[in-house]
Structures are given as structure tokens and as C-alpha cells.
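Can you make the complete structure from the sequences, with help from the hints?
If you're matching them up, the sequences are chains L and D in order. Position in the first sequence (first residue = 1) + 109 = our numbering. Position in the second sequence (first residue = 1) + 28 = our numbering.
Derived by calculation from the structure, the hints in this document are not laboratory data. All values derive from a computational prediction rather than experimental measurement. Quick reminder that beta carbons are idealized off the backbone N, C-alpha and C, glycines included. Incorrect hints may have been included.
Stated by the list, open to error - Incomplete in silico selection of chain D near chain L, CB under 8 angstroms:
no. : residue
1   : D152
2   : Y153
3   : L159
Unchecked claim - Far from chain L by the CB rule (all over 10 angstroms, computed), these chain D residues:
no. : residue
4   : V56
5   : S210
6   : F357
As a plain string of letters, each chain reads:
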Amino acid sequence: MDIFLQQLINGLTLGSVYAIVALGYTMVYGIIQLINFAHGEVVMVGAMVALTVISALTGAQIGLPPVVIVLAGIACAVPACMAIGYGMERIAYRPLRKAPRLAPLITAIGISIILQHVALLVFSRNPLSFPQIMPNPVFEIAGAHISAVQIAIIGGSVVVMAGLTFLVYRTRLGIAMRATSENVQVAGLMGVNIDRVISSTFVIGAALAAIAGVMIGTYYGIAHYTMGAMLGLKAFSAAVLGGIGNLAGAMLGGVLLGVVEAMGAGYIGEFTDLCQAPWIAGLMTERCADGGNFVLFGSNYQDVFAFLVLIAVLVFRPSGLLGERVSDRA
Amino acid sequence: MMRLFQGGKDSPVAARAAILLVGLALLVLPFALAQAGTAWVRITNLAILFALLALGLNIVVGFAGLLDLGYIAFYGVGAYCYALLASPHFGLHLPFWVILPIGAALACLFGVLLGAPTLKLRGDYLAIVTLGFGEIIRILLNNLAQPINITNGPQGITLIDPFRIAGFDFSKPERWFGLMVSGPIKYYYLLLVVLIVVMVVNVRLQDSRIGRAWVAIREDETAAQAMGINTRNVKLLAFAMGASFGGIAGGMFAAMQSFISPESFVLVESIMVLAMVVLGGMGNIWGVVLGAVLLSFVPELLRYTVEPMQKAIFGRTLVDPEVIRMLLFGLALVLMMLYRPAGLWPSRTRRRELAPAKR
Chain L
110 MDIFLQQLIN GLTLGSVYAI VALGYTMVYG IIQLINFAHG EVVMVGAMVA LTVISALTGA
170 QIGLPPVVIV LAGIACAVPA CMAIGYGMER IAYRPLRKAP RLAPLITAIG ISIILQHVAL
230 LVFSRNPLSF PQIMPNPVFE IAGAHISAVQ IAIIGGSVVV MAGLTFLVYR TRLGIAMRAT
290 SENVQVAGLM GVNIDRVISS TFVIGAALAA IAGVMIGTYY GIAHYTMGAM LGLKAFSAAV
350 LGGIGNLAGA MLGGVLLGVV EAMGAGYIGE FTDLCQAPWI AGLMTERCAD GGNFVLFGSN
410 YQDVFAFLVL IAVLVFRPSG LLGERVSDRA
Chain D
29 MMRLFQGGKD SPVAARAAIL LVGLALLVLP FALAQAGTAW VRITNLAILF ALLALGLNIV
89 VGFAGLLDLG YIAFYGVGAY CYALLASPHF GLHLPFWVIL PIGAALACLF GVLLGAPTLK
149 LRGDYLAIVT LGFGEIIRIL LNNLAQPINI TNGPQGITLI DPFRIAGFDF SKPERWFGLM
209 VSGPIKYYYL LLVVLIVVMV VNVRLQDSRI GRAWVAIRED ETAAQAMGIN TRNVKLLAFA
269 MGASFGGIAG GMFAAMQSFI SPESFVLVES IMVLAMVVLG GMGNIWGVVL GAVLLSFVPE
329 LLRYTVEPMQ KAIFGRTLVD PEVIRMLLFG LALVLMMLYR PAGLWPSRTR RRELAPAKR
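This is the structure:
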């Protein structure tokens, strides 16, 4: 039972990070039907910037309390990512808004390669490690462990998601965003400044990505210039799982995907151990004797689950769990 | 064959002379390159291999307009198929003319398995799913060493057999007519022949009923459907065909290198092939080959120029040529889409299509 609870906690932690990244994908998609491939790289830049600032402040020994240092890291990462988000939209996507679909997809891939390698040059080729500046007490609940960082990540993401929901449903900008996603032309006729709304969407998504970057960086303790690609893919899968274009869907999809992944990693070894199946174990008595095992797929297949979920969703329910719009125009 | 050379339409004599000249140049090229070092012949061979890959991807991206970001996985399937059936790893040493079709068929099967559920979806979903598929194949190649050692994990497979046919060994140097012909030079001629065959196949394919159906789908899927094209099957065909070309190229790669590991089949390679197609001109066979040759040689040239230059100016290597190469790929993708979406050597219909819509 503790494995289950433990993996549930780990999954919820990862899942809340996925959810925040997925929100960035889903917001952009909801408004201009574009998959922002480079979004994962923005998360990476956020982690890198925050880590550099935190390391520098820790190294400077000016006696700042650790909480202030972490907040300073976030405070630097968020504007940096917002600038990247804005620049990206301005340079690579805006000129192609009326071009065929393939064009912005290809520029997005180009942008993500550029961001990765610029990060490599600016920061480091090797993984940077997050300095241990705060004690990270571990609490025990019913046989499972939960660390302070995990609590902070889950709590922080709840706050972020609540903030975003407020922004989208209770402010003028939010109304404009929803109007634009409903119908760009009509929103424009109603006096919505489309360009500004699209820019803000990218900027808000990038700010979320920065926060997610800090979270994932502190969780794993490292940041690397290639970390964005896989994370971005998983978050995109989460957005599709929840129903792309749907905010609540992205949140739900992210958390679900995190849990599925953690559970998968926790149990796949047990499930694919042929020695657990009596009729096969009988054939391999030698190998299975004395608690031996014959594991077909171990936890190193963790990264595969997100794609399996993605493919399954696309085949069986392309609109996602909460999505209502089904469009199949290529 | 004449259709291949669009430039020489006005004067057949000039066109024939040009073909003859280019042909002669291609024949003596490896010997000239060998003077500068066998490494350059190898680089040329890899360039041709990438041209083959780019031509395969061009069917999917250029003709049919489907963005495939996991294309290198098919290359990997072909390569591993060859490596497993012709190396001491399993003790199997089948001849290449048996394995290459198997590799192509296997890659094709994977293409169909991947395409069947996803091709009815939107184009950008396809991009993501293929990306995921590429990652899955890479993860499998890396991890299928346990519990039964199939792929030998990250160490890869060594001592892969070269191409051998009736005592003629492509890897051994030989003396022909007083000329020293090394292994890479032999492979060069083989690759050149394969490249020409594949190009002819592509040209014929482009003008065929299927090729026109692909273009129709790319331009307007609904209209194509209304014209009676079974869009799903035709797209699936593009996918399968592109995959099998990738599989063949992979088999040749394994034989040429005699060593493969999962590292050769990562996402970056898929993107590199895509960059070749985009840079050269999606949908134009000559453009794609040009893109492949350019993007294969530029990094090598960078290696030979940028590094010494930096050493001379700064006393050390500040920026790795590898990084410059990747930055160039990224920039090429972005700038081409912004300023020359139809590529350096655009195909005529594609140019029309990629021009911004007039309002």
C-alpha cells in the first residue's frame, strides 16, 4: 500500500508541474490553433535563469534568508521567460499567422533548437545543480513520504491555477482572450485588439512556464539545456488528454498524466515480470528460483507512458476528456 | 530521365552536354576527394545517405504535406534490422539483398501501424505523435538489452557485415585498372546508383496518379475527398512509402558504418533531415537533394574553419562547431519559413501554395 500512496504523491507533484506547462500549450492553442513547440524550451530557460540567480545569491553570502533567494530566482525567471514568449510570438509566429499550418510548426521547431543551443552557450553544456539552501524536511503519512518541496510545488501550482482562472474569467483581458478564442474576426470587430491579446497569451503562458521551470528544477535538483523537450511533449500530451483549448482540461490532464506516469513507473516492473505469471514461471524454473525475476519492461520505460496516453486519447477520444470541440481540418 | 533536368528544356544538346559533364564530375569526384583524405569520401557518402533520407521524408512532408518529426525512427528500424541479421550479435549473416527488403518492409509496417490511427487526425497532432513515436523507438533501442539482449542497449552493435555479393566485398580496398579503390569509394558508387534510382522513382511517383493525389490532399483535403480520393489510404501510402525509403537508407548506413548505436537515431537527426527538406524546397526532388548536400557539408566545413579561427583569435574554442551547426539548423528553419517558405529551389506548385494567402 505504501508504494501506491508514495507513487500517488510523486505523481501529483509531477502532475501539477505538467498541468502548469500544459496550460501554456492549451491557451495558445485555444486562441490561434497553433502548437507552440518551443514552449518546453521556455520552461527550460526559466529553470536555468532561476538556478543561476539562486546560485549567485547563495554564493554571494550576503545573508539573505533562503525564501527571499528563491523568490528572487522566480522574480528573475518570470520576466526573462515573458520576454522570450513575447519575442517568439512577434518574430516567428505573427508573420505566419495566415500562412499554411505547416509553416508555423516548422518555425516553432527552429525556435526550440535555437533556444536550446543559446541556453547551452549562455549557461552550460553540463547539467547545473540547484544548491541546497533550505532544509527539506520529509514528512510521513501512512507509510509514504512527502517532502516540503513537494508540498510547495503542489500548493504553488494550486495558487497559480487559481490565479489564472481568475484572470481568464474575471478580468477584461480574460474576456478579450475568450472572445478571441471564440472567433478572431468577430472579436476584432468588437474592438478587441487581437495582436495584443495574442501577445498577452504568449506572455502569460511563458510566465507560467517560468514558474514550472523553477518547480521542476528544485524537484529534480538539476537543470539541463535538453530538459525542455521531453517535458514539453509530456505537457502537450496532458493538454490533449484534458482536451486541448480547455483550461480545466489542461489542469486535469496534467495531474492525471503525472499520476499515470508515476503509477506506471512504480508498477510496470511487477506487471511485466514473467516470473509472476505461474504458467510461464513453470517454464523458467531455473531463472525464477530464489526470487529471481524476468522483467520485460522496467521503470526505465517511464517516458513511454505519456506517449501511449497521447496515442490512446487521439485514437479513442480526440477531443480529450473535457474538450467539446472536435475539429479534423488539417 | 530527361524530365529530371528541368533547366535544359530549350536546347537538348546543351542539356545532354550538361548531363555528361555532371556525370563525369560525379564519377571522378571520389578520387579527387580521396586526395584530400578518405574522411571526405566518407562525408560525401553520408551526404548521399542523407539525401536518400531527405527524399523519403520529402514524400511525406513535401508531397503529401504531413509533418513527420520521428522520421529517423524508420531509419533506425532499417539499420537495426540489418545489424541484427548480419552481425555476430545473433550469429546471423544473411546477404544484404535479403535483409534490405526485410528492413524496408519492417519500416513500412511500423509506418502503417503508426499512421493508421493518427492520419485521420489534424496535421499538427500527427507531428506530435510521430515525435513521440521516434522517442519510443529510441527508448526501446536503448533498453531492449534486458532481460533478453536484443539491441545491446546504448553500446550498440559492432562488427556489422559490409555488403558482399559473390565474393565482391564493398569494404575491402582493391586495385582496378591501376587505380586504388578504397572501401568508401566503392560505397560511393553504390550510393550514387541508389540515389539516382530513388530520384527516378520519386520523379515518376510525383507525376503518377498517387503523386497527384498526394498533392491534391496537401492543397485541399476536403476538395480531394470530394474528387473521390480515399484520403486516408493515400496518406497512409505516403507514410508507408516514406518509411520504407528510410528503412533502406538505414540498412545501408549500418553496412557502411559497421557499427550502430541508438545515439544515431535521436530527435535531432529527424530535425536535421526535416531541415534539409525545408531548406532545399519541400516537394522539389532536386531541391531536397541540394538541401541534404548543403546541410551535410556545411557542418564539416565549419569544423575545419571555425575551430582553427577561434583558436587563432581567442586562443581556445569558445563556441563548439556542433553548437554553431545546430544554431544554423534552427535559424535555417525559421528564416526559410519567414522569407522563402518554398525553399532555395522551390517546386512550382509548392511556391504558389506557400505564398501568404491574399485577402
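Evaluated hints:
| no. | hint | in the structure |
| --- | --- | --- |
| 1 | D152 | 5 angstroms, holds |
| 2 | Y153 | 6 angstroms, holds |
| 3 | L159 | 7 angstroms, holds |
| 4 | V56 | 37 angstroms, holds |
| 5 | S210 | 35 angstroms, holds |
| 6 | F357 | 6 angstroms, violated |
Checked against the numbered hints listed earlier, the structure breaks hint 6 alone; every other hint is satisfied.
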